[in-house]
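Q: Assemble the whole structure, with the sequences as input and the hints as a guide.
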Amino acid sequence: MEKNKKEHVVRIIKILEKDYGHVECALNFSSPFELLAATILSAQCTDERVNKVTKDLFKRYKNVEDYANADILELENYIKSAGFFRNKAKNIIKSAQMVINKYNGDVPQTMKELLELSGVARKTANVVLGSAFGKSEGIAVDTHVIRITNLLKLTEYDDPVKIEKDLMKTIPKKYWMNFSFLIQTLGRIICKARNPGHIVCPLNEICPSSQK
DNA sequence: AACTCGGGGCA
DNA sequence: TGCCCAGAGTT
Numbered sequence: 067m068e069k070n071k072k073e074h075v076v077r078i079i080k081i082l083e084k085d086y087g088h089v090e091c092a093l094n095f096s097s098p099f100e101l102l103a104a105t106i107l108s109a110q111c112t113d114e115r116v117n118k119v120t121k122d123l124f125k126r127y128k129n130v131e132d133y134a135n136a137d138i139l140e141l142e143n144y145i146k147s148a149g150f151f152r153n154k155a156k157n158i159i160k161s162a163q164m165v166i167n168k169y170n171g172d173v174p175q176t177m178k179e180l181l182e183l184s185g186v187a188r189k190t191a192n193v194v195l196g197s198a199f200g201k202s203e204g205i206a207v208d209t210h211v212i213r214i215t216n217l218l219k220l221t222e223y224d225d226p227v228k229i230e231k232d233l234m235k236t237i238p239k240k241y242w243m244n245f246s247f248l249i250q251t252l253g254r255i256i257c258k259a260r261n262p263g264h265i266v267c268p269l270n271e272i273c274p275s276s277q278k
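For the first sequence, our numbering begins at 67 and goes up steadily by one.
Derived from the structure by calculation, the hints contain no laboratory data.
The C-beta atom is built at its ideal place from N, Cα and C for all residues, glycine as well.
There are no misleading hints in this set.
Below, in silico cross-link-like pairs of lysine to aspartate or glutamate (DMTMM-like), each with a Cα-Cα straight-line distance of 25 angstroms or less:
| id | residue 1 | residue 2 |
| --- | --- | --- |
| 1 | 239 | 179 |
| 2 | 69 | 271 |
| 3 | 239 | 73 |
| 4 | 239 | 83 |
| 5 | 71 | 83 |
| 6 | 80 | 203 |
| 7 | 201 | 73 |
| 8 | 71 | 208 |
| 9 | 178 | 203 |
| 10 | 118 | 131 |
| 11 | 201 | 232 |
| 12 | 160 | 179 |
| 13 | 239 | 68 |
| 14 | 125 | 140 |
| 15 | 80 | 232 |
| 16 | 69 | 222 |
| 17 | 128 | 179 |
| 18 | 121 | 140 |
| 19 | 201 | 90 |
| 20 | 156 | 140 |
| 21 | 84 | 271 |
| 22 | 240 | 225 |
| 23 | 239 | 208 |
| 24 | 156 | 137 |
| 25 | 71 | 222 |
| 26 | 258 | 224 |
| 27 | 72 | 90 |
| 28 | 156 | 179 |
| 29 | 239 | 85 |
| 30 | 84 | 208 |
Derived Cβ-Cβ restraints for the label pairs, each shown as a range:
| id | residue 1 | residue 2 | range |
| --- | --- | --- | --- |
| 31 | 254 | 152 | 25 to 35 angstroms |
| 32 | 169 | 72 | 29 to 39 angstroms |
| 33 | 80 | 263 | 15 to 25 angstroms |
A: Below, the structure written as structure tokens:
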């Protein structure tokens with residue numbers, strides 16, 4: 067029973083990997099702090115918009131010190147189109163200062179420590195742990211994951227904490243990071259919140275919610 | 001549990 | 001032009 071559920075999820079992952087690959091992160095970054103900043107920016111914002119913003123942002127600010135010493139109004143201006151820019155600018159600067167003061171400039175690599183940074187909750191921490199360090203402690207659950215795992219009947223709740231626990235039981239650990247990436251990609255391109263593209267969906271043979 | 005924080009995309 | 005989308009923090 068439990069074994070069948072695992073095989074079913076792995077089958078879903080394999081199908082999505084054929085279309086969307088193994089990149090394991092939708093955000094562009096070249097250092098752990100850049101990924102942290104990009105992931106803080108991705109709250110309530112699409113990854114495409116974040117990548118547009120970080121293109122210039124990462125040219126202006128080169129390292130953790132640059133963010134820690136940033137003028138908040140200037141930083142706000144760079145990230146404006148990511149939304150909630152006042153909160154996010156404050157959070158990025160505060161997190162940079164904490165990384166320097168508490169961790170000697172290195173982004174911490176545990177869930178417990180990451181959650182203490184500002185602008186970082188479980189979703190962001192899971193993305194950073196998985197994509198920057200390959201040290202997943204959980205599964206990044208965003209609205210795409212909630213919507214799509216419920217459609218697939220892998221989960222049956224709206225509570226992200228409950229969903230993450232359920233998924234951690236059924237998904238083998240080595241797939242944890244890529245699972246979120248693949249579901250988010252599917253959600254962005256095909257299985258949208260409004261008007262899901264059942265006809266062109268690579269999962270339409272498997273998905274209980276797909277009309278045949 | 002409810003509220004706040006902004007901007008972009010689409011009808 | 002108004003509605004919907006996408007997380008974290010505070011009260």
